[in-house]
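Asks: The chain contents come next:
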Amino acid sequence: MATPYEKRRQRKLFLTIVLPAFAGAVALSLVAISQTQVYAYAPSTLPSPQELGDRDVRLAGLVAEDSLRTGADTNVTFTITDGKAGVPVSFDGILPALVAENEGIIAQGKMGPDGIFRADNVLARHDENYEAPEVIKALEEAAEQGPAY
Amino acid sequence: MADDTLPMANWLEKLANPEVFVRRTKPLIMPIGAAAAVLVIVGSALGLFFSPPDFRQGESVRIMYVHVPAAWLALQTYAAIAVASFVGFIWKHRLADVAARQMAPIGLLFTVLAIVTGALWGKVTWGVFWDWDPRLTSMLVLVFLYLGYIAVWQVIESEFVAARSAAILAMLGAVNLPIIKFSVDWWDSLHQKATVIREGGPKMPASMLWPLLIMALAYTLIFAFVTLLRVHTVLAEKRKTKPVRRASSATIEEAPATS
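Which chain is which? The protein sequence lines are A and B, in order. Count along the first sequence from 1, then add 49; that gives the number in my numbering. Count along the second sequence from 1, then add 132; that gives the number in my numbering.
Hints in this document: simulated from the structure, not taken from any laboratory. A quick note: this is a predicted structure, and the numbers were derived from the prediction, not measured. Honestly, I wouldn't trust all of these hints.
Computed list of lysine to aspartate or glutamate pairs in DMTMM-like fashion (alpha-carbon distance at most 20 Å, straight line) [stated by the list, open to error]: (1) A:Lys186 with B:Glu291; (2) B:Lys335 with A:Glu152; (3) A:Lys159 with B:Asp263; (4) B:Lys224 with B:Asp317; (5) A:Lys159 with A:Glu193; (6) B:Lys255 with A:Asp169; (7) B:Lys370 with B:Glu151; (8) B:Lys325 with B:Asp263; (9) B:Lys325 with A:Asp103; (10) B:Lys158 with B:Glu369; (11) B:Lys325 with A:Glu177; (12) A:Lys133 with A:Asp103; (13) B:Lys255 with A:Asp176; (14) B:Lys325 with A:Asp176; (15) B:Lys224 with A:Glu152; (16) B:Lys313 with A:Asp176; (17) B:Lys255 with B:Glu151; (18) B:Lys335 with A:Asp103; (19) B:Lys335 with B:Glu191; (20) B:Lys224 with B:Glu289; (21) B:Lys335 with A:Asp176; (22) B:Lys255 with A:Glu177; (23) A:Lys159 with A:Asp131; (24) A:Lys133 with A:Glu150; (25) B:Lys325 with A:Glu180; (26) B:Lys313 with A:Glu177; (27) A:Lys56 with B:Asp320; (28) B:Lys313 with B:Glu291; (29) B:Lys335 with A:Glu189; (30) A:Lys186 with A:Asp131; (31) A:Lys133 with B:Asp320; (32) A:Lys186 with A:Asp176; (33) B:Lys335 with A:Glu183; (34) B:Lys325 with A:Glu55; (35) A:Lys159 with A:Asp105; (36) B:Lys255 with A:Glu55; (37) B:Lys335 with A:Glu177; (38) B:Lys255 with A:Glu152; (39) A:Lys159 with A:Glu100.
Could you build the full structure based on these sequences and the hints that come with them?
Replies: Put into structure tokens, the structure is as follows:
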């Protein structure tokens, strides 16, 4: 059994060295992770098809305006853009209901050698803004009529 | 010793005595439970019937009123466990250790509720139940932290050793809390960024914010209600099995050296 003095020293050691060291190690790991790992590539940061090879990656951005096309059967094509670059995507399947032009999207799949991204899975992504439909409608109508002054 | 401390610290010190704690908090339990029940009913009614659908998500946005408070309470409960563990670890307050232990299953339940409702919500909006996104993954880590914390208490026989080991795990695991909260800011993620607790105020109309805040208050009261009930039960059981023991041997052993 440790003496009270030893116990107090252990406690002090834990609080002053072990706990801060652990927090520091985690913080450093997080910095390292954010510098080397990405959850998803943006079209402008997507490595070239040669670099990517056969890797499965996620491509995230907005569905470009006037790019969403339905082909034969369930095949759909669209362009994912981040404002700086656009990548054409081909997907065979049912799109989530929230997928629409100018809305967020994540495609999971492989980059083809022809520069077309073949998605195995498509996820809709929405931002943190919530609003009632009537408000959006009113805002759109107001915008159509031009400024009120 | 108590004379030179602040009145607040003095009051807290008295409350750390299990008998004083039981006496003072007993009359609060039932009112807290009743208030929680009323707020759950009011919040659910507002959220389900008297708040607007979302312009993009439609009616599925109503899952938010169950999901978001559960996720908040999952984090708050862990934070409470970490603070109680810190107090128990340093000052050896037995009540703090008991409270930390009794809060853990409640926090686990909130975390699982957040993940399950999040999966259902994700299926209708994102198109998937699960994805290895930073927010979702760090929430899953929280489940394992809770499980690990509960397991440490279960497997270590000596209550004194168990309290210390569990406290160390709880304090180390607390690094996950900022990771969960800021995961959506630090990394690109499928999960959207914070809507309510953010710089510049909530990005949500008042008609959605009110039911959400009422539900959050209701969840907090449920947490307080169940925690108090559990702590009181444990203290009553302890009193029955060890009627004469007033302080743990460790406290007596260290008492001369603390002044």
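Asks: Compare the structure with each hint and give your call.
Replies: Cross-check of the supplied hints:
1. A:Lys186 with B:Glu291: Roughly 62 Å separates the two Cα atoms, so the pair is violated.
2. B:Lys335 with A:Glu152: 17 Å, holds
3. A:Lys159 with B:Asp263: Roughly 17 Å separates the two Cα atoms, so the pair holds.
4. B:Lys224 with B:Asp317: Violated - the C-alpha atoms of Asp317 (chain B) and Lys224 (chain B) are around 37 Å apart, more than 20 Å.
5. A:Lys159 with A:Glu193: 41 Å, violated
6. B:Lys255 with A:Asp169: Cα-Cα ~16 Å, so holds.
7. B:Lys370 with B:Glu151: It holds: about 11 Å lies between the C-alpha atoms, which stays within 20 Å.
8. B:Lys325 with B:Asp263: 16 Å, holds
9. B:Lys325 with A:Asp103: Violated. Lys325 (chain B) to Asp103 (chain A) sits at ~31 Å, over the 20 Å cutoff.
10. B:Lys158 with B:Glu369: Holds. Lys158 (chain B) to Glu369 (chain B) sits at ~15 Å (cutoff 20 Å).
11. B:Lys325 with A:Glu177: 5 Å, holds
12. A:Lys133 with A:Asp103: 25 Å, violated
13. B:Lys255 with A:Asp176: 16 Å, holds
14. B:Lys325 with A:Asp176: Status holds; Cα separation ~7 Å.
15. B:Lys224 with A:Glu152: This hinted pair is violated, its Cα atoms lying about 54 Å apart.
16. B:Lys313 with A:Asp176: Holds: Lys313 (chain B) and Asp176 (chain A) sit about 16 Å apart, inside 20 Å.
17. B:Lys255 with B:Glu151: Roughly 49 Å separates the two Cα atoms, so the pair is violated.
18. B:Lys335 with A:Asp103: 40 Å, violated
19. B:Lys335 with B:Glu191: Status holds; Cα separation ~18 Å.
20. B:Lys224 with B:Glu289: 18 Å, holds
21. B:Lys335 with A:Asp176: 10 Å, holds
22. B:Lys255 with A:Glu177: Satisfied, since the Cα-Cα distance of roughly 17 Å is no more than 20 Å.
23. A:Lys159 with A:Asp131: 19 Å, holds
24. A:Lys133 with A:Glu150: Roughly 17 Å between the alpha carbons, so the hint for Lys133 (chain A) and Glu150 (chain A) holds.
25. B:Lys325 with A:Glu180: 15 Å, holds
26. B:Lys313 with A:Glu177: Holds. Lys313 (chain B) to Glu177 (chain A) sits at ~14 Å (cutoff 20 Å).
27. A:Lys56 with B:Asp320: The hint is violated at about 44 Å.
28. B:Lys313 with B:Glu291: Roughly 33 Å between the alpha carbons, so the hint for Lys313 (chain B) and Glu291 (chain B) is violated.
29. B:Lys335 with A:Glu189: 18 Å, holds
30. A:Lys186 with A:Asp131: Status violated; Cα separation ~26 Å.
31. A:Lys133 with B:Asp320: 17 Å, holds
32. A:Lys186 with A:Asp176: Judged against 20 Å, a Cα distance of about 18 Å means the pair holds.
33. B:Lys335 with A:Glu183: 16 Å, holds
34. B:Lys325 with A:Glu55: 47 Å, violated
35. A:Lys159 with A:Asp105: 5 Å, holds
36. B:Lys255 with A:Glu55: Violated, at about 54 Å.
37. B:Lys335 with A:Glu177: 7 Å, holds
38. B:Lys255 with A:Glu152: Judged against 20 Å, a Cα distance of about 17 Å means the pair holds.
39. A:Lys159 with A:Glu100: 12 Å, holds
The structure shown violates the earlier hints numbered 1, 4, 5, 9, 12, 15, 17, 18, 27, 28, 30, 34, 36.
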